[in-house]
Amino acid sequence: MILKSLELKNFRHYLDEKIIFSTNRNKSFTIIQGTTGAGKTTILNAITWCLYGDELHRRTKKRGLTLYNTTLNDKITPKEKFNVLVEMDFVDLDGNEIIIRREKSFQKQANGKISESIDEPELFKILKQEDGRDYKPVDNPVSYIERIAPKDIEEYFFFDGERLDDYFDENAGKKTKDAVFQIAQIDLFSSLLKNLNKRKDKFSREYSSIHADSGKFESKIRKLEDEIKKNRALLKQTQKDLDAAENNMDKIQADLKSKGSEEVKSLQKDRDRYNVEIKGLDRTIEELRIKRTDFILKMCPKIFTYPAILKTKELTQDAKTEGYLPAKYQEVFIGDLLKSKKCICGMDLNENEECRKTLERVQKATSPITNIEEDINEENVHLTGILKDLKNFKDVQSALAVNLHDNIKKREKRDTLLNEISKKLENIGEDEVQEMELNFIENKKARDDAIQRIALLKDKINDLNNKKVHNENERDKSERNSEVKVELGIILDFCRLSLNRAEDIQKYLIDKIREDVEIKTEQQFEEIISRGETYKGILINENYDVRVKHVSGDDAAPDLSSGEGQILALSFMAALNSVSGFNLPTIIDTPLGRLDEEPTGSIADNFPNYLKGKQVILLVTSKEYSESFRKKIYSRVGKEYKIERFQTDSGSYAKVIPYE
Amino acid sequence: MKKGINPKIIDAINENEKNAAVRALLVTLLHYENVISEMERPRYGEYYDKQIKKYTQKWIDEK
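Residue numbers (the numbering used here), protein chains in the order written: chain A, 389 to 1048; chain B, 4 to 66.
Honestly, the hints are just simulated from the structure, not real lab data.
All residues carry an ideal CB built from backbone N, CA and C; glycine is no exception.
Take the hints with a grain of salt, since some may be wrong.
Which chain A residues face chain B? A few, computed with CB under 7 Å, are given here [stated by the list, open to error]:
{"no.": "1", "residue": "LEU580"}
{"no.": "2", "residue": "CYS731"}
{"no.": "3", "residue": "LEU897"}
So these bits of chain A aren't anywhere near chain B, every CB distance computed over 10 Å [claimed, not checked]:
{"no.": "4", "residue": "THR424"}
{"no.": "5", "residue": "LEU453"}
{"no.": "6", "residue": "ARG535"}
{"no.": "7", "residue": "LYS624"}
{"no.": "8", "residue": "GLN641"}
{"no.": "9", "residue": "TYR896"}
{"no.": "10", "residue": "ASP943"}
{"no.": "11", "residue": "LYS1011"}
{"no.": "12", "residue": "GLU1015"}
Straight-line Cα separation of at most 27 Å, DSS-like style, residue types lysine-lysine; simulated pairs [as the list claims (entries may be wrong)]:
{"no.": "13", "chain 1": "A", "residue 1": "LYS496", "chain 2": "A", "residue 2": "LYS469"}
{"no.": "14", "chain 1": "A", "residue 1": "LYS873", "chain 2": "B", "residue 2": "LYS57"}
{"no.": "15", "chain 1": "B", "residue 1": "LYS56", "chain 2": "A", "residue 2": "LYS524"}
{"no.": "16", "chain 1": "B", "residue 1": "LYS11", "chain 2": "A", "residue 2": "LYS590"}
{"no.": "17", "chain 1": "A", "residue 1": "LYS582", "chain 2": "B", "residue 2": "LYS53"}
{"no.": "18", "chain 1": "A", "residue 1": "LYS797", "chain 2": "A", "residue 2": "LYS832"}
{"no.": "19", "chain 1": "B", "residue 1": "LYS57", "chain 2": "A", "residue 2": "LYS865"}
Given only the sequences and the hints, what does the whole structure look like? Please build it.
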């Protein structure tokens, strides 16, 4: 980008100036000469104020003098407004013009004091010409500036020559390296690498944590299936044993009824009756157990929430006692009135402050509980029902428990009676009956044993089935994991590849940038210092220690004269400017500031070669811009100005006038 | 705030990386690093993962 002109209105030293810069490629130097304090640095600051809203080259951050020219104090009448304005007119590489304008409005108060205009905010505007057509405002000017001239790299384009030696003191290496990494944005790459590496580690951890061995679960399932099959066969056999024992028992009982004496027949009839009763009791006991369990399970949540229900009832009662419930009006309703700024009576709350304050007081005194009154009422009915259920819980539960207990006792009684019948039959004195009864007892034991085994086998089969289902789920999950693992493996591969490539590119970039800085610094240094015999080039190592190669092979950097040192620093700035990749004019305040005397000899002879082909604006002192130096660089100068300063009673102002 | 990226970095990626998906990922992440605010930084992982997955797919498609 080429800076065509800079317009300054009421900005510090300047009342109304427009500086036209040289845009000629061969005569790309613009010289602005001024004595110390004339307003050279103000030009640099006007540029950074226009671009970034900040005067970056002031020596102090203290408030100091006003932004506007102090001579305006006398010229402006009370209540009169004026603007401080800086406008830069650029032309980009495609030939489109870009106008960047920042202005701030001021106003003289009745007491004579000038202050920033409250009703007119600082205006920052960029107008861009597209393809040579009309100017259009750029949507986000701040973002646009950060794209074309980021603030971070500003100091490598707009700098103060007197401060350049900072780059070449004893600890320069690290500082220089940091500056290069910053300007070349290698830091961004380092951050990218660090974060990419963290993501790679995360994907790697995820990959390792996924278990995808479905075969392991498959073999477990097979083993479980075999075991289930075996146990089912056992169950079938035991069921047969049970059926056989029960058949035998039925048969024996039938025989006893037909073959025994009257007493035996009577005992057997009793036994039949008790068996029927036992079956009925077993059914009743089972039903009562289920009923009781269901009832307790149903009441459990109500029991656990009992303390919370009591607290809710207590809070509701408190709200009623305090008069919030039933609510006269809801707190949110008062809030809405205040928000809409209109009372229910139609009063405009903006106009009637007293009414507004009353409503605010009412709102403050109204509990937010009023906003949920309907919910509270509804829940209250529900909670009352729950409390009633809880009150009945003990009675219902006790009745069920007593009923269950009575039936169990009845069942035990029947068992005792059956045992007594069995004992009587064993000792009845009839051999055949005794034998049948012993046989009956044996079968009864076999039946009871079969029933127990059946229960155990059913439990075992059930357990094995659960284990099988669990393993089937694990197998399915593992199969799904296999797919996820494959997918994650690809992501991890891509992540590793990208990381390796990024590391290589960063290494390449670091080397390339260092090499560029070295070559460009050397080119500039040689252009200005003259390709004499004394120095044989510049060497910059990876730590950015700058060495000036002397013909003897030694490092000549520590022995450079102040002028040569300044040239080395300027050359280094030119190199940094170049590696930044941004295309901006270079503006140097006091470029030869460290030289005690006017530039002479090879420096003066060769300075025109500095930043050849690039637009350079030099803000020079009269000592720097001596007649002899001027003559030597004149071939490169396209525009030449000097700053004249004028003093008035209320302050001073400066004018940029063509150099004579 | 959107800042400019040193064109030399983009050139270095384009010149040195033949794979389009890797190239696109690195340029995307570089732009992100350039514009991300400190407030948004703790959530960088979410953005990185999304982009890595997106360009992995591109990488597979190109293979």
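For each hint, the structure was consulted:
Hint status for A:LEU580: holds, given a least beta-carbon distance of 5 Å to chain B, under 7 Å. For A:CYS731, the interface hint is violated, the least distance from its beta-carbon to any beta-carbon of chain B being 42 Å, above 7 Å. The interface hint given for A:LEU897 is met, as the beta carbon of that residue sits about 5 Å from the closest beta carbon of chain B, less than 7 Å. Look at A:THR424: its CB is around 35 Å from the nearest CB on chain B, clear of 10 Å, so calling it non-interface holds up.
Against chain B, the non-interface label of A:LEU453 holds: every CB pair exceeds 10 Å, the least being about 30 Å. Not every CB of chain B is more than 10 Å from the CB of A:ARG535 (nearest about 4 Å), against its label as outside the interface. Non-interface call for A:LYS624 relative to chain B: holds, since the shortest CB-CB distance, roughly 55 Å, exceeds 10 Å. No beta-carbon of chain B is positioned within 10 Å of the beta-carbon of A:GLN641; the least distance is around 77 Å.
Distance check for A:TYR896 against chain B: the nearest CB is about 6 Å away, which does not clear 10 Å, and the non-interface claim fails. Residue placement check: A:ASP943 keeps its beta carbon more than 10 Å from all beta carbons of chain B (closest about 29 Å). Listed as a non-interface residue, A:LYS1011 keeps its Cβ farther than 10 Å from every Cβ of chain B; the least gap is roughly 37 Å. For A:GLU1015, the shortest C-beta to C-beta distance to chain B comes to about 41 Å, beyond the 10 Å cut-off, and the non-interface label holds.
About 7 Å separates the Cα atoms of A:LYS496 and A:LYS469, which keeps this hinted pair within 27 Å; it holds. For the given pair, A:LYS873 sits about 17 Å from B:LYS57 by alpha-carbon distance, which is consistent with the 27 Å threshold. With a CA separation close to 40 Å, the supplied pair B:LYS56 and A:LYS524 exceeds the 27 Å bound. A distance of roughly 31 Å separates the Cα atoms of B:LYS11 and A:LYS590; the hinted pair therefore is violated under the 27 Å criterion.
Restraint check for A:LYS582 and B:LYS53: the C-alpha separation of about 17 Å stays at or below 27 Å, so the hint holds. As the CA atoms of A:LYS797 and A:LYS832 are separated by approximately 22 Å, the hinted pair is consistent with the 27 Å bound. The straight-line distance between the Cα atoms of B:LYS57 and A:LYS865 is roughly 25 Å, inside the 27 Å bound, and the hint therefore holds.
The structure fails to meet hints 2, 6, 9, 15, 16 from the earlier list, while all remaining hints are met.
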